[in-house]
Amino acid sequence: MSRSRLIRRGLISLLLLVFVLFPFVFSNPTYTTIAVFTLIYMTATTAWNGFAGYSGYIPLGHAAFFGTGAYTFAVIAQSNHLGAGYGMFGLIPISGLVAGLVAIPFGLVALRTRRHTFVVITIAIFFLFQLVATNLGITGGSSGLQVVSPNWPGSTYNDPFYFVALGLLVLAVAASWTIRRSRFGLQLLAIRDDEARARGLGVRVGRVKLTAFVISAIPVGMVGAVYAYFVGQVFPQFVFDPLFDLSIALMAFFGGLGTIWGPLLGGLLLEPLQQYLTFSYSVGDLYLIIYGVIFLAVILLLPMGIVPSVSAWLDRRLAGRDRASPPRPAAGGDGDQRPGLVPRPGSST
Amino acid sequence: MSALLEVEGVSKSFGGLQALNLCTLSVESGKVTGLIGPNGSGKTTLFNVMTGYEPVRQGTVRFKGDPITNLAPDRVFKLGIGRTFQLTRIFPRLTTMENMLIATQHREGWLGSVFRTSASLGPERDRAMELLQFVGIEGLANQPAGNLSYGQRKLLEFAYVLVADPDVLLLDEPAGGVNPSLINHLAEKIRELNDQGKTFLVVEHNMEFVMGICDSLTVMHQGAAIMTGTPAEVRAHPKVLDAYLGGEDGEDDA
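Quick mapping for you: the protein sequence lines, in order, are chains A and B.
Here the first sequence is numbered in our numbering, starting from 17 and rising by one per residue.
Here the second sequence is numbered in our numbering, starting from 2 and rising by one per residue.
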C-alpha cells in the first residue's frame, strides 16, 4: 500500500523532472514552441476534465473561457500601454478570474439543461462569445488585437512561456486531484451517476455543478492569456475556436475521461501530433482528418480511453497472477458468503 | 396522537390522468404506517409529492406541523425525511462506502466541501460502517456499488438513507423483487429501527410483509385515501375488497 504510494510519488517527481529539463535538452525553438502549445492544451484538458469527467456533463464551449482569458490579457495590456516583460505574466491570474466570472452566467444558463441539450447549449453560447468578439470595439473586431512581444533572446525566448505553462499545468492537476478526493468531488460523481437521487440525499446539485463549472473555466482562461502573450496576437476566430473544444474533449476521451492521468496523456499524445503535422506539411487542417480517425477509433476500440483500459488490463493480469500463486484469503470480503441474503439475478449495471 | 407527516387535500394530474385526487393522509410519530392500494392508485406519486420530486398546485404537505409543499428534494431530505425508490437507485460507479458518504454532506459549508477530503471523514465513515453492518453488507464496503446484487442494492439504499439520521423514512416497495429471507431480514430491521423511535411510511404489495410490520394501514384507491385502520380492520373492510377486486383499476403505477 505505502510502497505503491512511494512508487507513485517517485514516478511523479521523475515526470516533473523530465518536464522541467525538457527545454534545456531540446532547446531548438521548434520543439519548445510545440511544447508550450502542448502544455497549454494539457492544462485546458485537465481543467475541462475536472468538470466534464466528474459530473458527466460534456460542455463544448470552454473555448469561450480560453478566448475570454486571451482577450482580457490583450485588452488590459493594450489599453494601459503595458510594455513587455516578465511582469506581464502577472495578468494571467486576472485573466483566469475574468474567465471564471464569465463562467457564472454561462453556467447558470447552460446547467439548466442536461445531456445532449447541454452540449448543444454550450456550443451555442460559445458562438455568442465569438460573435460578440468579432463585433465589439474593445476587442478590435475581426482585425483582432496585437500584444507587444518581449525582446528576449531568440534561443531561449520560449522558456519563460514554457515554465509559466508548466506551472499552470501543475496547478490544474493539483486542483483536479483535490476535487477528486474531496467530498465535493464525491458529490459531483454522485451527480454523474444519478443526479435526481443525489438531490434526494441532500446534495445541492445546482450549486455543486456551477462551482465545478467555474473552477474548470479558470485555468482555461489562464492558458488563454499565455496563448495571447506567446502568439502576440488575438483574433476572434483563433481564440474562440470551436476546434479548441473538440480537441480538448478528444484529448480527455482518448486518455480517459474522469481520470487524473487521462487528459494529461491525451494532450501529450495529440497536441504534438497536431503541431508536427502543421509544421512539417504546412497544411493547418491535416490534423482534423487524423483527429476524426482517432475519434472513431477511440469510440470503437477504447470507449473508456487509454488509462482506464490499461489499468483494467493490468488488474486482470495481476488477478491472473494471484490465482496462479498459492491461495490467499479473499480481500474485502464477498457477499456470496451470505447465501440467504444474496440473490444474484445478474443485474449488474 | 401526534402526526409527524401530514398530507392534506393533495391533487395531481398528468394530462388527463388524475393521479391524486384530494388525497389526505397522516403518519403518526413513532409508528409504522403502511400504504397499500391497487396498481395505479397513486402511492408512488404521493411519495414523489411528499419528497419534492413532483410539484403540486393543490393541497399541503406538512412535516412537524410546518408546510413543506413543493420544497426541493434536497431541502426535504435535510429536514429529516428519507426515502427509497421502488426501482432501487444507487450510484453504480462509486463504491458502497462512497455511496454511504453522499448523504453525510449536509453538515458543512460549500467551499469547505471542496477542500475536505472524503478520506478524512473519520466519524462519518465509522457511522456509515455501523449502518452497513446493521443491514449486513459491510463486507462490500469497498466494492463498486454497480457490482451489488439487486437485494444488496436494496439494503444499500436503505442504509444510506439512514446515514443522515432522518426522523421518518418513506420506503417504496422495499420487499419488491427480493427473496423471502431478505424480506424477513428487512422486516426485522424496520422493527428494530422503529423500536429506536424511527417513523416509517411503507408502500408495499406484499400483504404478509405489510400486515406483519405496520401499526396502521391506509388504503388508496384512484388517487385518494379511502380508509385508515389497523391491519385487521383493513383486511375485513368491504371497501378495500372493492378497491382490489371490483371497480375499474388504472394501469401500473410507475
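These aren't lab readings, by the way, just hints derived from the structure by calculation.
The reader is advised that the hints may include incorrect statements.
Said to hold, decoys possible - With the Cβ distance kept under 7 Å, some of the chain B side facing chain A (calculated, not the full set):
(1) Phe78
(2) Arg90
(3) Ile103
Yeah, the Cβ is synthetic: ideal placement off N, Cα and C, and Gly gets one too.
Tested hints:
Because the closest C-beta pair between Phe78 of chain B and chain A is about 4 Å apart, less than 7 Å, the hint holds. The interface hint given for Arg90 of chain B is met, as the beta carbon of that residue sits about 4 Å from the closest beta carbon of chain A, less than 7 Å. A least Cβ separation of about 5 Å between Ile103 of chain B and chain A falls short of the 7 Å threshold, and the interface hint therefore holds.
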